[in-house]
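Colleague: Add chain B to chain A, keeping to what the hints say.
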Amino acid sequence: MLQRYDYISLMLILILLLVGCIAIFSATYTGTGDENGYFTRQLVWCIVGIITMILVSFISLKFVNRISYWLYGISLFLLILVLIIGKVGQGAERWLAIGPLHIQPSELAKLTTILAVSKFLSDKYADVNKFKYFAVSISLILMPFMLIAKQPDLGTALVFLAIIIPLLFWAGLNWFHIFTILTPLLTMILSFNLLAFMLLMLTIVVVLFFSRRKLIVLIAVFLLNIGVGIATPYLWGQLRPYQQQRILTFVNPEKDPKGAGYQIIQSQVAIGSGGTWGKGYLQGSQTHLRFLPAQHTDFIFSVIGEEFGFIGVVLVLLTYFMLILRFVQIASSIRGQFESMTVIGITTVIFFHMVINIGMTIGMAPVTGLPLPFLSYGGSSLVANMMMMGVVLNISRSKFAH
Amino acid sequence: MNELSRQQRKARQIILNTAIIVTMILLISGFFRIQVAGGEKYYEISMDNSVRPLMQYPVRGTIRDVNGMILVDDRPSFFVAVIPRLLTQTTIDTVARIIGEEPEFIREKIRGRRTYRPVFIKKDLEYNIVAELEEKKLDLPGVFVDVESKRYYPEGVSSPHIFGYVGEVDKNEAQRNAELEAGELIGKKGLEKEYDTSLRGTKGVYFTRVDAEGRDLGIIDPDRNIEPIRGMDLYLTLDYRFQQFAESLMVGKRGAIVALDPRNGQILGFVSKPDYDPRLLSGRISTDVWATLQGDTAHPLYSRVIQSVYPPGSTYKLIAAIAALQEGIITTQWTATCPGYFRLGRKTIHCWNAKGHGKINIMEAIRGSCNVFFYQLGLKIGLETWTKYSQMFHFGLRTNIDLPNESKGLVPTLDYYLKAYGPNGWTRGNLANLAIGQGELLTTPLQMAQFAMIIANKGVLHRPHIANYLYNEFSGARHFFPKETDYIKGISDEVYDLIREAMRRVVAGGTGWRGAVPGIDVAGKTGTSQNPHGDAHAWYIGFAPFDDPMIAIAVIVENGGGGGAVAAPIASKCMEKFFYNRLLPRAVVKKDTTVTDTLDTFMPMDLENFDRLRIGTPE
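Residue numbers (my numbering), protein chains in the order written: chain A, 38 to 439; chain B, 94 to 712.
The shape of chain A in the complex, shown without the other chains (with noise of 0.2 Å):
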């Protein structure tokens, strides 16, 4: 069974572990030989989670499939429990303390709605373009995402929404619908632009016009959008200054004067600085100098940006593009809907992640406080990656076996 086991995946997980390690050990050097214990700690997590990831790889699949909507129900409890009894870190209650260890259910949920939901889509008789298993999948994804909200703990609800089209277009969401989905979304944004509404609605209609639908559901999706449209704009001028402020800070941090901005103007900079080649390896000053906030977590990156340059930068971004792609490969050829369903998802908050996380050092994301994954500070989220990635190479094992 070990001429199975799909190593290309797996050497690219471990490649990127060892980048991260690398990273938050310059992260936290402090030239005196006087560590404190990030590097060594995270070595272990490290082990940990490759431990985790391989038990996981081997378990049985039936076994996993059946139990989903179990995974799913004490995921839930749990989130529930936090809201009541969490710790509180940074403001939001995350965590859960059970004796000396310390769980975040958020990680947990997002592997366990996926697999609630790739189950749910894998029965013999479900189809998401029915109006019911639509909703019920939205749902299961909807429930953890508000318990997370409200936490609050925004980035990681944000994942949850993200992953809801990549999965069920997966699953075979259809076109129309698709489209009825994303549009009342994009007419939001652009609603405050006239010209811009304006060709949205034109497009609506002449997308609507091909799309040989039944005449009332035309209308229905035309008029939801107009009723968007022209909603939004009032409604938010109907807010104070100070609450729209702080839906913009939320939705564009960088906006906020004592918060985000300066750390992305502090990221660029050493990120910028690193210029092509980078400034070489526990030399980079700004790292140095901690004017990175939160650099061994959130910011990791800047550190690779500064210290290893354009070069360093493409490098890791390919490594994660090329674990990416590679995972969708899996999912495309594995035969079995919940398997293909789950990687999906899997590859989802991946993806998700990264670009949010590598994408917010440069200001192209906003702040969020997404970590980066395998790279980022931290157990309770390296730890709940690597089972993740535990089920990707169990799917990608059965794959042959088909």
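These are computed hints drawn from the structure, not numbers from a lab.
Okay, the calculated beta carbon distance ranges per label pair: (1) A/Lys169 x B/Lys103: 27 to 37 Å; (2) B/Gln484 x A/Ile121: 34 to 44 Å; (3) B/Gly612 x A/Leu285: 53 to 63 Å; (4) A/Lys187 x B/Asp641: 47 to 57 Å; (5) B/Arg334 x A/Val242: 48 to 58 Å; (6) B/Gln484 x A/Ile117: 35 to 45 Å.
BS3-like, lysine-lysine: derived pairs with alpha carbons at most 27 Å apart: (7) B/Lys281 x B/Lys366; (8) B/Lys202 x B/Lys216; (9) B/Lys282 x B/Lys501; (10) B/Lys281 x B/Lys501; (11) B/Lys576 x B/Lys551; (12) A/Lys161 x B/Lys103; (13) A/Lys99 x B/Lys103; (14) B/Lys103 x A/Lys167; (15) B/Lys282 x B/Lys264.
Partial pick of chain A residues on the chain B-facing surface, computed with a CB cut under 8 Å: (16) Ala307; (17) Gly346; (18) Ile399.
Glycine residues also receive a C-beta, built at the ideal position from the N, C-alpha and C atoms.
Modeller: Leaving out everything else, chain B in the frame of chain A:
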């Protein structure tokens, strides 16, 4: 068929791969832009290694009256400060000459400070002084001029108790609210505090590069700058011309006037005297001014309308009347005889009218404000019923007007007396006192105006408020504050009708005849409350027109004397101004011959002589 066909899946894989590769190209080109194309610039910045965020403070919103007249505005104010360590003797002399002070003035300020920390010298500099200082900047090391924003009040605008003032964030406030930081200006009192978040606007920030010597190298990236957002404008419910008129009536007096619209709770006038010039507390507050205001024994910083509590005196007899009628304790025909005094145990208490009111019913008792009648009524009602009705009319509760630091007043309950005097410790004398609005009972002028509104509306109460709406300059949106209505339940219309009629008669020839307004049917009630601080406080509450009330008012003049003689005319003038927008020339008023013009005060009782009358203790 729930699974996609191999071909469909292939198509979807291509779409996903395309999306992934496009994202990768975008990310890589982002890094290329700042690392390869912009690397030099960022490298340079990283060598200076300091980026300094410069906070940009927004312009504070204005406060305007109902007609849009600006009452409070924001203006720049220049000040001069010095760095003591860098000063020379000649510099001090030159600066002193420019700002028109003695050199000793500056030396006094920097005495004992030989630091690099700037020391503030003088605020509100004239433009020509600023120009001269800027011109000679190079010859005056250690001297700099800076600008700060300060509140500006147009001529004729005062009313510090409405507006409050703005001041620098202190340590406590900065700790409570992470958004605030030292040096920032926030509302400290009054409307400035209540609507601070709306008026203040939103801070912005510019990021500048600073080199090792602290020199400013300019903005890093204009796209990253965040412009401040101007605060919203606050429009009030009152017409400032009316407010000014009302204030003029109280010049030289201590006390308060509060007038509101009984139809919606909007404040029409809000006067608290003595007050201070709000300009004194605008911008940087000097410690001398502050100490003077704090130490003033007339308490000009106190907003008497909502913060001061007084015994309401005879105006409060209405509560006992309502309670007695509603509970069926007396009928409208029930009479008591006032011989001019009242015996309670061994003690004799006098009515304000020594000749006595004779045999009177409740209507006549209110009209003539007979103490003896209400002593008897109070004893019949009992403490618990009296307390219940006091609380029904929201006494002892904040009105929740949109101004901070409001007092609750005090409605003594049985528990209160048990705590204060011990078991069986309170006397029938206490009860008799409460019935005529004396004793431990305390109310704010606003509570009394609210009470007048409730009677005017026969039980409908609108939360008093002074802010009409907030105006957002950019969106043009007006945010109105909703009318908040409450209903006093359990009082029948007949009781209200009787009380209102009695109040009308108070003005039509009763103790409140000076509160009358020609051509307008006015209802009112006078009060003269004894207090330990000297002469009696003059009280008057009223509303008009009788059938369709448009104004409810409460007036108190501290130690002013009789309510009918002192407070009622003030209310009458306010109403004349309100209804006619001028004062009417008046013929000689013929007063009702049945009512004497003396004070309707009660004779203070010596509570110590009541010990034998403790309730529950047999004689």
